[in-house]
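Q: So the chains spell out like this:
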Amino acid sequence: MTGPAVAFPERAKAALADPVLGTALAKLQSEFRRDRAAMLSRMPEFEALRDRAMAIRDHALARLDALLEEFERNVIAAGGHVHWCRDAAEARETVTALCRAAGATTAAKSKSMLSEEIGLNAALAEAGIVPVETDLGEYILQLRRETPSHIVMPAIHLNAGQIGETFRESHGGLDADRDLGDPDALLAEARATLRRRFLEADVGITGANALIAETGSIMLVTNEGNADLVHSLPKTHIAVAGIEKIVPALDDAMAIVRVLARSATTQEITSYTTLVTGPARETDADGPRGFHVVLVDNGRSTMLAGPYADVLRCIRCGACQSLCPVYGAVGGHAYDAVYAGPVGAVLTPALDGLKKAAHLPQASSFCGQCEDVCPVRIPLPSLMRRLREDSWRRPDIPVAGKRLIRIWAWAARRPTLYRLVQRIEIAALRLLAGRRGAIRSLPFAAGWTAARDFPAPEGGGFVDRWHASRREPRS
Amino acid sequence: MTGNHRQTESGPPRVGLFATCLVDAVRPTVGFAAAKLLEDAGCIVSVPRRQACCGQPAYNAGDRENAAAIARQVVGLFESFDYVVSPSGSCAAMLRRHYPGLLARDPDWAERARALGEKSWELTSFLVDVLGATATGARFAGTATYHDSCSGLRELGIAGQPRALLSAVAGLELREHDAADVCCGFGGTFCVKYTDIAAAMTDRKLAAIGDTGAETVLAGDMGCLMAIAGRARRTGARIRVRHVAEVLAGMADGPALGEGE
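The listed protein sequences correspond, in order, to chains A and B. According to this note's numbering, the first sequence holds residues 1 to 475 in order. According to this note's numbering, the second sequence holds residues 1001 to 1261 in order.
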């Protein structure tokens, strides 16, 4: 990611001061909570489905090498091609070269977080190939030159009014009286514009929600059907996918779909779930002539061997973002990362390095809601804590409050001293509070009193008072 | 007693009360309330003098070494009791869920930490799940809403136990607030490192609490209560803040948390 190096706290502060964003996030979270609860009430076996999905993902990761090779054999057998890319640069070069070979000037794209991760659009544009996002949210962001703020709802930070303005600025020639005030009107306008772009495109680029080893198929899950036009109208179809997306068999992909849609949008299934196997056959009336799967490692195989392997189970449903109270306060852009929210707090340090992303695993209250809703049970708080341990050990990464915690721990390991200091603290705090019961400002706890009063102690420590009033054998 | 506790030959359960550092320093009433609830339920309560903190601030900051040292200290101090009970889901979860992992590779302490974890309980969960309590015989005239503290809820499954005991308190009308299981914004050192974000979270919590019209908010963790009471005082939100143990023990007569005399 490029752009000014503004740290997370400043970005968060700006986000908190943005009322439009606040309204959008509050709406997302309350509706998602409500709809997810309704979904769960219809789905008593959801916990069992999560177990199954988790087991499938773990099994696939344990056999990643063999399954990927099986996938490659079956893609080739179906008439397609597989390209292996070590990192983002290789992936960009590979896709750009495939577009050039197809003589492309325009590439239609459906939503792909991996293409965001590898910075594909900028690379295509530099090579003279116009990338056209066709997912409504991604299309809006492309017009606004913004990045996704959520894994499955990329433009969730915007409201209909902002989108209407964007369309008026970008589409040109729109009647000033034309009402673009509601989502249906916006959708109709986007659809009319995008239909032309689908037909112009020389290449279609999709992501993949799963790679299926036994058939060499890719699975695409959307609600807009745009991915189906992207992969079937242009002459060449390129699918970009992280290597971790592999599953052994069709049944496994179906098990993933069952938790994916429910976790992403609380739907039982999305409007379109498509399996693509190879290019068009000779007897097919239409479909692409060329089918390419670009498999991207970009740090994943390294992660697989380390303590953060569990996060590779992620199926990119975004549920952890939709319910995270920190994400709900600041939105995705505050994270300044392709993947925001709890999963991003673990993935981003792995992809971009801990030094650049050190704030992200720190900015969590460890409420545990992310782990609670994750369809593949990624222990996100534990992984964030582990990243904090990495930061703690590294002299080149500043950890807020490190000195204070060391001093506090030193005292906590000396109970007699700790109690003595506590007695002084209690007396001082009571003096400061007076009769008010709470203290407005504490220079040594400015982080606390910047936003809240400090409730005054009742007086006397509990342990002291207990032993003053009871006779208990010395412990 | 109808719960899971098995009477041993030594008689009633001997409970080590782990008060937690915040109860100890800020609200001794909660410690006395917890002791009363345990004694009323037939336990013999001890409060080891050399207790300080469970080590969570170090553990969650990534300082494993200090966290492990503090964990060994707590294990040594409490392992002789039948049970360790704490008026905090977060600290009880630290003992029960995290100590065993923290000391797993320490051959001298792994088994001791595992054993301590198994007998460590949050107060309301101990009363209901272990002792089989259904009521505490308390009275509290007023309306209250209960906030689920995250660690207790998600690491120890505490949700029904406090509500069951509160529903048996005479005179108390319990009202659920929307998103009762969403974080209040405390999060330990999170709330001082990311003050603005934490305050925004607390404001949402206070708004949901306010919507119920309840006079009092109750929770089982001092951290949450400190954040909620402190932010309420700062923003002028009219809500009284108490630990659930104060109400259950009939010791909710004094000023609420952060309230003047």
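Be aware that one or more of the hints could be misleading.
Said to hold, decoys possible - Listed next, the in silico SDA-like pairs over lysine to any residue satisfying Cα-Cα at most 25 Å (straight line):
{"hint": "1", "chain 1": "B", "residue 1": "Lys-1193", "chain 2": "A", "residue 2": "Ala-26"}
{"hint": "2", "chain 1": "B", "residue 1": "Lys-1036", "chain 2": "A", "residue 2": "Ser-469"}
{"hint": "3", "chain 1": "A", "residue 1": "Lys-27", "chain 2": "B", "residue 2": "Gly-1213"}
{"hint": "4", "chain 1": "A", "residue 1": "Lys-13", "chain 2": "B", "residue 2": "Lys-1036"}
{"hint": "5", "chain 1": "A", "residue 1": "Lys-402", "chain 2": "B", "residue 2": "Gly-1171"}
{"hint": "6", "chain 1": "A", "residue 1": "Lys-27", "chain 2": "A", "residue 2": "Glu-10"}
{"hint": "7", "chain 1": "B", "residue 1": "Lys-1193", "chain 2": "A", "residue 2": "Trp-392"}
{"hint": "8", "chain 1": "B", "residue 1": "Lys-1193", "chain 2": "A", "residue 2": "Thr-302"}
{"hint": "9", "chain 1": "B", "residue 1": "Lys-1193", "chain 2": "A", "residue 2": "Ala-411"}
{"hint": "10", "chain 1": "A", "residue 1": "Lys-13", "chain 2": "B", "residue 2": "Lys-1193"}
{"hint": "11", "chain 1": "A", "residue 1": "Lys-27", "chain 2": "B", "residue 2": "Ala-1208"}
{"hint": "12", "chain 1": "B", "residue 1": "Lys-1119", "chain 2": "A", "residue 2": "Ser-382"}
{"hint": "13", "chain 1": "B", "residue 1": "Lys-1193", "chain 2": "A", "residue 2": "Ile-397"}
{"hint": "14", "chain 1": "B", "residue 1": "Lys-1193", "chain 2": "A", "residue 2": "Lys-235"}
{"hint": "15", "chain 1": "A", "residue 1": "Lys-235", "chain 2": "A", "residue 2": "Arg-197"}
{"hint": "16", "chain 1": "A", "residue 1": "Lys-13", "chain 2": "B", "residue 2": "Thr-1235"}
{"hint": "17", "chain 1": "A", "residue 1": "Lys-27", "chain 2": "A", "residue 2": "Gln-162"}
{"hint": "18", "chain 1": "B", "residue 1": "Lys-1193", "chain 2": "A", "residue 2": "Glu-425"}
{"hint": "19", "chain 1": "A", "residue 1": "Lys-27", "chain 2": "B", "residue 2": "Ala-1180"}
{"hint": "20", "chain 1": "B", "residue 1": "Lys-1119", "chain 2": "A", "residue 2": "Arg-413"}
{"hint": "21", "chain 1": "B", "residue 1": "Lys-1193", "chain 2": "A", "residue 2": "Ser-469"}
{"hint": "22", "chain 1": "A", "residue 1": "Lys-355", "chain 2": "B", "residue 2": "Gly-1188"}
{"hint": "23", "chain 1": "A", "residue 1": "Lys-402", "chain 2": "B", "residue 2": "Thr-1195"}
{"hint": "24", "chain 1": "A", "residue 1": "Lys-355", "chain 2": "A", "residue 2": "Thr-302"}
{"hint": "25", "chain 1": "B", "residue 1": "Lys-1193", "chain 2": "A", "residue 2": "Gly-447"}
{"hint": "26", "chain 1": "A", "residue 1": "Lys-27", "chain 2": "B", "residue 2": "Arg-1175"}
Honestly, the hints are just simulated from the structure, not real lab data. Quick caveat: nothing in here was measured; it's all calculated off a predicted structure.
Q: Against each hint, give a clear statement of whether it holds in the structure.
A: These are the hints, each one checked on the structure:
At most 25 Å may separate the alpha-carbon atoms for a hinted pair to count; Lys-1193/B and Ala-26/A meet this at roughly 23 Å. At most 25 Å may separate the alpha-carbon atoms for a hinted pair to count; Lys-1036/B and Ser-469/A meet this at roughly 14 Å. A C-alpha spacing of about 22 Å is found between Lys-27/A and Gly-1213/B, which places the hinted pair at or below 25 Å, so the restraint holds. Distance restraint check for Lys-13/A and Lys-1036/B: the Cα-Cα separation of roughly 45 Å exceeds the 25 Å cut-off, and the hinted pair is therefore not satisfied.
Restraint check: the Cα-Cα separation between Lys-402/A and Gly-1171/B comes to about 47 Å, which exceeds 25 Å; the hinted pair is violated. Straight-line distance between C-alpha atoms of Lys-27/A and Glu-10/A comes to about 24 Å, which keeps the hinted pair within the 25 Å bound. Between Lys-1193/B and Trp-392/A, the direct Cα distance comes to roughly 15 Å. Compliance with the 25 Å bound is thereby established for this hinted pair. Restraint check for Lys-1193/B and Thr-302/A: not satisfied, since their Cα atoms lie roughly 31 Å apart, outside the 25 Å limit.
In summary, the hint linking Lys-1193/B to Ala-411/A is supported, as the alpha carbons are separated by about 21 Å, within the 25 Å threshold. At roughly 13 Å between alpha-carbon atoms, Lys-13/A and Lys-1193/B fall within 25 Å of each other, so this suggested pair holds. A distance of roughly 14 Å separates the Cα atoms of Lys-27/A and Ala-1208/B; the hinted pair therefore holds under the 25 Å criterion. Between Lys-1119/B and Ser-382/A the CA atoms are separated by roughly 23 Å; this keeps the pair inside 25 Å, and the hint holds.
Taking the CA atoms of Lys-1193/B and Ile-397/A, the gap is near 15 Å; set against the 25 Å cutoff, the hint holds. Simply put, Lys-1193/B and Lys-235/A have alpha-carbon atoms about 53 Å apart, too far for the 25 Å limit, and the pair is violated. Taking the CA atoms of Lys-235/A and Arg-197/A, the gap is about 14 Å. The hint holds against a cut of 25 Å. Under the criterion of a C-alpha separation no larger than 25 Å, the hint pairing Lys-13/A with Thr-1235/B is consistent with the structure, at around 19 Å.
Restraint check for Lys-27/A and Gln-162/A: satisfied, since their Cα atoms lie roughly 16 Å apart, inside the 25 Å limit. Taken as a hint, the Lys-1193/B and Glu-425/A pair is honoured in the structure, with Cα atoms around 21 Å apart against an allowance of 25 Å. For the proposed pair Lys-27/A and Ala-1180/B, the alpha carbon gap of about 17 Å is at most 25 Å, so the pair holds. Taken as a hint, the Lys-1119/B and Arg-413/A pair is honoured in the structure, with Cα atoms around 23 Å apart against an allowance of 25 Å.
The hinted pair formed by Lys-1193/B and Ser-469/A fails the criterion: a straight-line CA distance of about 38 Å is larger than 25 Å. A distance of roughly 23 Å separates the Cα atoms of Lys-355/A and Gly-1188/B; the hinted pair therefore holds under the 25 Å criterion. Between Lys-402/A and Thr-1195/B the alpha-carbon distance is near 17 Å, which keeps this suggested pair within the 25 Å criterion. Annotation: proposed proximity of Lys-355/A to Thr-302/A holds, straight-line Cα distance about 17 Å (limit 25 Å).
At roughly 7 Å between alpha-carbon atoms, Lys-1193/B and Gly-447/A fall within 25 Å of each other, so this suggested pair holds. This hinted pair checks out: Lys-27/A and Arg-1175/B have alpha carbons roughly 23 Å apart, not beyond 25 Å.
In summary, the structure is inconsistent with hints 4, 5, 8, 14 and 21 from the numbered list given earlier, while agreeing with the others.
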